[in-house]
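**Student:** The residues making up each chain are set out below.
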Amino acid sequence: MSILDYKEGTVNLLMGNEAISRGALEAGVRVVAGYPGTPSSEIIENLAKVADKSGIYVEWSVNEKVSLEVAAAGSFAGLRSMCVMKQNGVNVASDFLLHLALSGTRGGMVLVPCDDPGAISSVNEGESRHFARMLELPLIEPGDFQEARDMIKWAFELSEKIHNVVVMRSVTRLSHASGNVKVGALPVNENKAYFSFGSHLLDPLNGPVITAPVPMRHRQQQDKLKVIAEIFETSEFNKYTGPEKPELLIITSSACNLYSMEAVNILGLDKRVGILKLGTTYPLPEKLVKKHVDAAGAVLFVEEVLPFIEDLTRIAAAAWGDVAHKQYHGKYDGSIPTVNELNPDIIINALAKITGIEYRAVSEEYEKKGTILSFTGAPNRELTFCPGCPHRASYWSIHNALSLNGKGGFVCGDIGCYTMGILGAGFGAIKTAHAMGSGTGVASGFGKLGQFGMEQKAVAVCGDSTFFHAVMPALVNAVHVQSDMMLVVFDNRGTAMTGFQPHPGTENDAMGNVVNAIDIESICRAIGADVHVADPFDLAATTEKVLDLVENKSGARVLIMKQSCALSPEKKGKKKYEMSVDESKCRGENCGCNRFCTKVFRCPGLVWNRDKGVSMIDSVICAGCGVCHGICPAGAITREEARV
Amino acid sequence: MQVFGPKELQSDVLQKNLCAGCGACVSLCPYFKTHKGRTAAMFQCTRESGRCNAYCPKTGVDLDRLSATVFNGTYAGDAIGNFKAVYVSQKGSSAGNGNVQNGGTVSALMQFALKSGAVDSAVLTGRKGAVSVPEIVTDPGKVFSYASSKYSTSPVVAGFNKAAAEGYAKIGFVGTPCAVTAMAKIRSNPTELADFSDKTGIVVGLFCTWALDTWGVEKTLKDKLDLASLQRVDIPPPPADVMTFTNIHKDVMLPLDEIRASIPLACAYCHDMTAEFADISVGALEIDGGKNRNVIIIRTDRGEKLYKDAVAAGYITGEPLPAGVMDGLSKASMNKKIRAFTRLSDEKMLNGDAERPAVIINAPALGKIMNSKGGM
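These protein sequence lines are chains P and Y, in that order. Everything in the first sequence is counted per this note's numbering, starting at 1 for the first residue and increasing by one. Everything in the second sequence is counted per this note's numbering, starting at 1 for the first residue and increasing by one.
Since the hints were made in silico from the structure, they are not lab data. Please note that a few of the clues may not be correct.
Claimed, not checked - Which residues of chain P face chain Y? A few of them, derived with a C-beta cut under 8 Å, are:
| no. | residue |
| --- | --- |
| 1 | G406 |
| 2 | T598 |
| 3 | V600 |
By construction, the Cβ of each residue, glycine as well, lies at the ideal position given by its N, Cα and C atoms.
Let's have the full structure, built from the sequences with the hints guiding it.
**Tutor:** Pasting the structure below:
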């Protein structure tokens, strides 16, 4: 089933990201680009699947900045275009976005960042909302699944009205949850791509697209924003529900709208508390907000992470005279936390406190029992790599080489499944982890600290997709300054963590076409690094290689670990080996082993049989990679070539 | 005696830099490995007791227990340990030739032991550049290629552990006093293994005042000598006060003071110069300014038998000790004991002073050592 299959006028259960994809198609989007990142990835995947049939162009770009540039080209040529990324992708794209906001666009162009409050699938909880304000771009936020479809269509119209980028922000609980969505008709697109630049420099629609003269363009941009502010005042996506004169007015947006509705409902406060759900959050529809604040006794701002609507409202309220004299609850009085995701419970507690209601979801005794049971009754399941994952094997060799070297060497991590190298899954090898590409940059810096007596070896790791995304400049830097560092590229042939999207090193593009695959090894050699290749599944040879590179080589060296992801299409469901444990040889908990495979190596495919006191293979989840054969000190883990 | 585990081994020995790199804890399990003469803890094992700790010569060394194991007696605190006889020796006419350091006695003795069947294998120390590497040798013809002192810490006990695991049952072992102490601990079956058997055929100890850390040697000689082809390391007789490193192209002399910086801290706590828990101990004998002969100490019955057989077969020679040699040897050995026991005592690592003592020594023996003032 694809997003093309929903019939016009029918109501369907759609994931938020599907609703956005479908809405974009209905709006006649022609060029779509992005970089994978949870919770945004499905938007592009849905569109890529139907690209051929719909005659649109869909691209997984090398990084977010380039994806925004690709989408902008579509807009410059008069087509509707969309760019999709996760929240921190906006940081990467922000340099171009700053300039694009000034130069303006032609065909409708929408940027869809999907934020991850609480960092469920991220290593930060940055917010894209603040970019809209900082770069003076209109920001809209769907408050439910229907709106996800409806507002993306509207976003393209808005963009064409002001000839600038419109930001439509989603969050995890909107992108990844599902709800009823009534879909509309799919258009027939016929306009031809043409970049019109023949007019003079100051003609924003037919001249060259540039940011100069800056003060003039900046003024035009701000004038456009005033137009948008007026449109927002009467937008149907700003909705109020509740009594005419509520005791308390909740002002909220996005998924927090759903939490707020649930909280009011559970506390039975619908006669006392009203909810102003804003679909248009920047610029703030000040008159609308003022009207509702005026009617209310007090105000509670419900939004995730930092105050945004709250700040804009408080600033606006400075000019409201008496209307402003209300009790404001939100981030500043501690009613709503400034970190992590919100949920209905947090809002229930805030509402209960403000309205003086006694509320307990469960009895004290039940809660206590539940807390105890959740700590003692549930098995400890830590984040780990899949059975057959090459990262476990790679980290094994890196960890062992650094331990043998014995000089406190460490790994500078990067962004991907392998970020889990900071946990037991990667034998705790990672000691720094920040943004994409940063591991290599940081290692480049560590590698210059020898003159200050540093003997520890810095080993950066990155995935193949991350290599192209942001590692290349850092490696160039390391080679150029002759940093004494080592980069290990975990080349598992795809952007594995986000669902195996293609990247410049793969032979296929997002739409399934055969394209040019860029060879990482050749790039590294061209940069001038000392380049080596290893198969991480060959533990002994790889450990020796890492150790040799760490100990005996200087300058920037690169080791490419080549082994496909266990979930890659070529491997999924196919076992290379049938694994088994020779119980007569297994040393179990005895001195000489002490459950080495299940306590230290810890592939989920290895299971401790408590009754027999031996290890065994969980043949259902074992991927048959054969690696554990090489770690058993007793030679009890045996492998046989699997019959095809 | 309570046997502790890997956690205590790390805190008491490795983290305090007291590891001698002998390899006693290596090749038993996947948690400890050896690399370039140093022992590395790869992962944290959670066992409360283990052979790693039980075999380590730097913790829980109960001298009475080891004396009982090897000599069936208590530890007496004598200068050069328990012995039956002491001779001057060198390799005899039946033995092979090779790059021997002094008299070639050890190589000749091991060659004979293999040839005569006194041992089924020999764990010897070879050289890979500046790194000492233990190897299991079964061909008597190859013994002499392992000749010459290495002067760098060797994980030779790991080689023994490996040989034992591979099924050798009469293993010939050559090692420095720390390694020989580890061997005595292994032979005392400290973890009370049900299927235990002593897998040594003969234990030959090498006199030692200190060894060198490979990493330190590499660092010191980095720009002076290509160590990949290192062939020989020697200390010429006094008053030279230097150490020479020779590779296939040239040799480099370094003042002893400079090279002493690479002596592992563990050596400062060592009270054993003559490898007292060996069957036979061998050291260099400097006569007339040359070093072409050895002192050989016969300690046990099986040591005595091997010595006599080897002499009879012409593999080694045996002559009476010249006057004064015993006195000098005893003095040097006792001085090492006094230095070590003073340090162990000052740092509360002895007997009941420590929760987990490094060494346990009976009071009369300790009194004898500390009152000896460096003589007999």
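**Student:** Each hint: holds or not?
**Tutor:** Each hint tested on the structure:
With a cut of 8 Å, the hint placing P:G406 at the interface with chain Y holds, because the nearest CB-to-CB distance is about 5 Å. The beta carbon of P:T598 is not positioned within 8 Å of any beta carbon in chain Y (closest approach about 12 Å), and the interface hint is therefore violated. The interface hint given for P:V600 is met, as the beta carbon of that residue sits about 5 Å from the closest beta carbon of chain Y, less than 8 Å.
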